Amino acid sequence: MKKVISANQAVSYAVLAAKAQVIAAYPITPQSSIVEMLSGFCATGALQAKFINVESEHSAMAACISASVMGARTFTATSSQGLALMHELLHYASGLRLPIVMANVNRALASPFNLKADLSDSLSQRDTGWLQFYCESGQEVFDTIIQSYRISEKLLLPVMVNLEGFILSHTYEIVDLPEQSQIDLFLPPAPARECLDVDNPCMFGSTTDYYINFRYKMHQDMEEAKTFCSEIDAEFKKVFGRDYGLVSTYLCEDADLILVTAGTIAGTCRVVADRCRAKGMKVGVLRVRMFRPFPGKQICEPLRKAKKVAVIDRDFSPGCGGIFAQEVKASLQGINCGLPVYEFIAGLGGKDVTDKDIELIIEQTHKMPNRGESTWIGLLK
Amino acid sequence: MDRPAQIKFPIPEEELVYSGHTACPGCGAALAMKYVLKGLGPRTIIVIPPSCMGTIAAGFPFSSLKIPVLRIPFESTAISASGIRAALDVMGKEDIHVLAWAGDGGTFDIGLQALSGSAERNDNIIYVCYDNEGYMNTGIQRSSSTPAGAWTTTTPAPFVKDTPKKDIVRIMAAHNIPYIATASIGYPADLIRKVKKAKEIGGTRFILIFSPCPTGWRYSPEMTIRLAKLGTETGIFPLYEIENGEKYTLSSKRSEKPLRDYFALQGRFRNLTKENLQQFEERVEKEREYLKRLAG
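The listed protein sequences correspond, in order, to chains A and B. All letters in the first sequence, in the order written, are residues 1417 to 1797 by our numbering. All letters in the second sequence, in the order written, are residues 83 to 378 by our numbering.
Next comes chain A alone, as it looks inside the complex (with noise of 0.2 Å):
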């Protein structure tokens, strides 16, 4: 069924549809419409599930970390703030390796207060062992909650699904919401843990010396990732007839210059790269869907050919610079070292990533002779 909705609500959608079983939730803008449609869905019992008004996030992940160990689906959503104040459950959830789906509604981080889009929040949770998803549309954030229940469920590793705050969350798209049954066909219920049971007791958590063999497991699970998430859009293109990739490309195979970037910030590079072959000068776009497990070989087959890459960053390390720039400079060592990589700051706190601000970053690559420090992009005066 097509319906015109926010990707915050096609969030909600999609927990219904995967039939969590216990959510626990605290609410921060510009997340909290997620919680409350569906606190409304388990009261009225659309949604057979346990909802839990925990008293903060850092309760919240804690409820999902217990709940998920008894082997019950669960799920959770947050944002900026809300997700730093879990940063240790993060870790928490991984290292239990628990099937946790949460919905990141991405925020920039105080000091100052700004309210608006800024990725910073889920970047500065990479090394938690959480896989993240950077989604670019409403339909794309219901699919990709659909799909991250069947890859955590499988690989035993918790997925934070990442939507930008209100340039995403609160904009109004036609989804569509598929059929229960073909959702159940695609997601069974979630396979059978026996963890806590009283009658064949064990200790979960423990203290242990063989802390760097759990680690490597861990290593070679989200390696594995990367070939199961594949799979797993190529199964739900058969079935729901989308699928996303690790990685979306647009125009790259013959491009000199590709931007890349995350989010919604690549659907107006793609129309800015019209705009450029239009006026012969090929330009392309990647779009970078997975950021854990970074897919740095995926990233890097469609740059083989280009000379120049410009990645646009809406978040930003202090001292560093781009976050995804330097993980994809990280990806090109040893595969195309000589590749010109120009960093871009655009868009943090919310601030609008215009066309105007794509041309601009363009001309900036061609003007510029050599790679640089990061430029930023739409300082106000």
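It should be emphasised that the hints constitute simulated quantities derived from the structure, not laboratory data. Be aware that one or more of the hints could be misleading.
Claimed, not checked - Output of the computed footprint for chain B on chain A, the stretches with three or more beta carbons under 8 Å from beta carbons of chain B: (1) 1435-1445; (2) 1457-1467; (3) 1479-1492; (4) 1497-1509.
Said to hold, decoys possible - From the derived model, a few chain A residues whose C-beta atoms are all more than 10 Å from chain B: (5) Lys1419; (6) Glu1471; (7) Ser1475; (8) Pro1528; (9) Asp1592; (10) Leu1612; (11) Asn1616; (12) Gly1621; (13) Thr1623; (14) Tyr1626; (15) Met1638; (16) Tyr1666; (17) Phe1732.
Because the structure is a prediction, the values reported are computed rather than measured. Here a beta-carbon is modelled for each residue, glycine too, at the ideal position from N, C-alpha and C.
Chain B: place on chain A using the hints.
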């Protein structure tokens, strides 16, 4: 064991704590665990945050408890129990008890927010705080349960703690939860009776167990039970129950011994001044009157 069936023994024989665990000799907390599990029985799932008990209960791949254990973050004891309860409920497994178990640091300090959250929602869990009045697992640092006048490694003598112990029971009583009890390892039958009573009630139940610590309190391990009893006999740790935040029932245990009997046994109170002692006596008396008034 051959015991005539007609003799009623108040302590269940079943042991749910294995011998050979890693507690210090004379550990009050290990006894508290032993008694609580005797009261609750084997159909119990426990969550344990960082604490002495976390260390006593386990080191991979061993466990000293015969019930399922989940080690959880420090701040999250109560909500972790709530999460397990939610999962059990949604899966239709309602005959299992969920036990949240933390020390005083994990309860009075870092875990208070989550505990208040679970209590306010009246989540169906049993929360036990074993109170040894300090962060003993990390090396005897002060917690907000440490009494005034006590030495700890972060309130070094002669600059001992100068504020009184936080009254966690009043805080919990303000949540109007169905059942609150204070208990002591000095009185196992009373302790187990309270656990069994809590077991029959739904909602959030909170039990504070006085658990002397020879390592942190600086006394000889064989004195643990004597100190536990003295705690109550001097009025330092009164035993009582609160139902629904309003019905107070005081234990019949007398509290008439002089406070100095209690202090004299412990190295941590070596720096106690006459002034401190007087303040203590006043506080204990005030608390005695307060509880009497509430119990009616």
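Taking the hints in turn, this is what the structure says about them:
1. Given as covered by chain B, the stretch 1435-1445 of chain A passes the check, having 3 residues with a CB less than 8 Å from a CB of that chain where 3 are the minimum.
2. Counting residues of the stretch 1457-1467 of chain A whose C-beta lies closer than 8 Å to any C-beta of chain B gives 3; at least three are required, and the coverage claim holds.
3. For the stretch 1479-1492 of chain A, the proposed coverage by chain B is satisfied: 10 residues have a C-beta within less than 8 Å of a C-beta in that chain, meeting the threshold of three.
4. Restraint check on the stretch 1497-1509 of chain A versus chain B: 3 residues with Cβ-Cβ distances below 8 Å, three needed, restraint holds.
5. The non-interface label for Lys1419 of chain A is consistent with chain B: the shortest C-beta to C-beta separation is roughly 28 Å, beyond 10 Å.
6. In this structure Glu1471 of chain A is not separated from chain B by more than 10 Å, as the shortest Cβ-Cβ distance comes to only about 3 Å.
7. Distance to chain B contradicts Ser1475 of chain A as a non-interface residue, since its nearest Cβ pair spans about 4 Å, not more than 10 Å.
8. Annotated as non-interface, Pro1528 of chain A keeps its C-beta farther than 10 Å from every C-beta of chain B; the closest such distance is 26 Å.
9. The claim that Asp1592 of chain A lies off the interface holds: its Cβ sits roughly 29 Å from the closest Cβ of chain B, which is beyond the 10 Å cut-off.
10. With a least CB separation of 4 Å from chain B, Leu1612 of chain A falls inside the 10 Å interface cut-off, contrary to its annotation.
11. Its closest Cβ contact with chain B, about 8 Å, brings Asn1616 of chain A to no more than 10 Å, contrary to its assignment away from the interface.
12. Residue placement check: Gly1621 of chain A does not keep its beta carbon more than 10 Å from all beta carbons of chain B (closest about 4 Å).
13. Thr1623 of chain A, annotated as away from the interface, has a beta carbon of chain B within 10 Å; the closest lies near 5 Å.
14. At roughly 7 Å, the least C-beta separation between Tyr1626 of chain A and chain B is not larger than 10 Å, which violates its mark as non-interface.
15. Non-interface status of Met1638 of chain A relative to chain B is upheld: no Cβ of that chain comes within 10 Å, the nearest being about 22 Å off.
16. Distance check for Tyr1666 of chain A against chain B: the nearest CB is about 43 Å away, which clears 10 Å, and the non-interface claim stands.
17. The claim that Phe1732 of chain A is not at the interface with chain B holds, since no C-beta of that chain comes within 10 Å of its own (minimum 29 Å).
Violated hints, listed in ascending order, are 6, 7, 10, 11, 12, 13, 14; each of the other numbered hints is respected by the structure.
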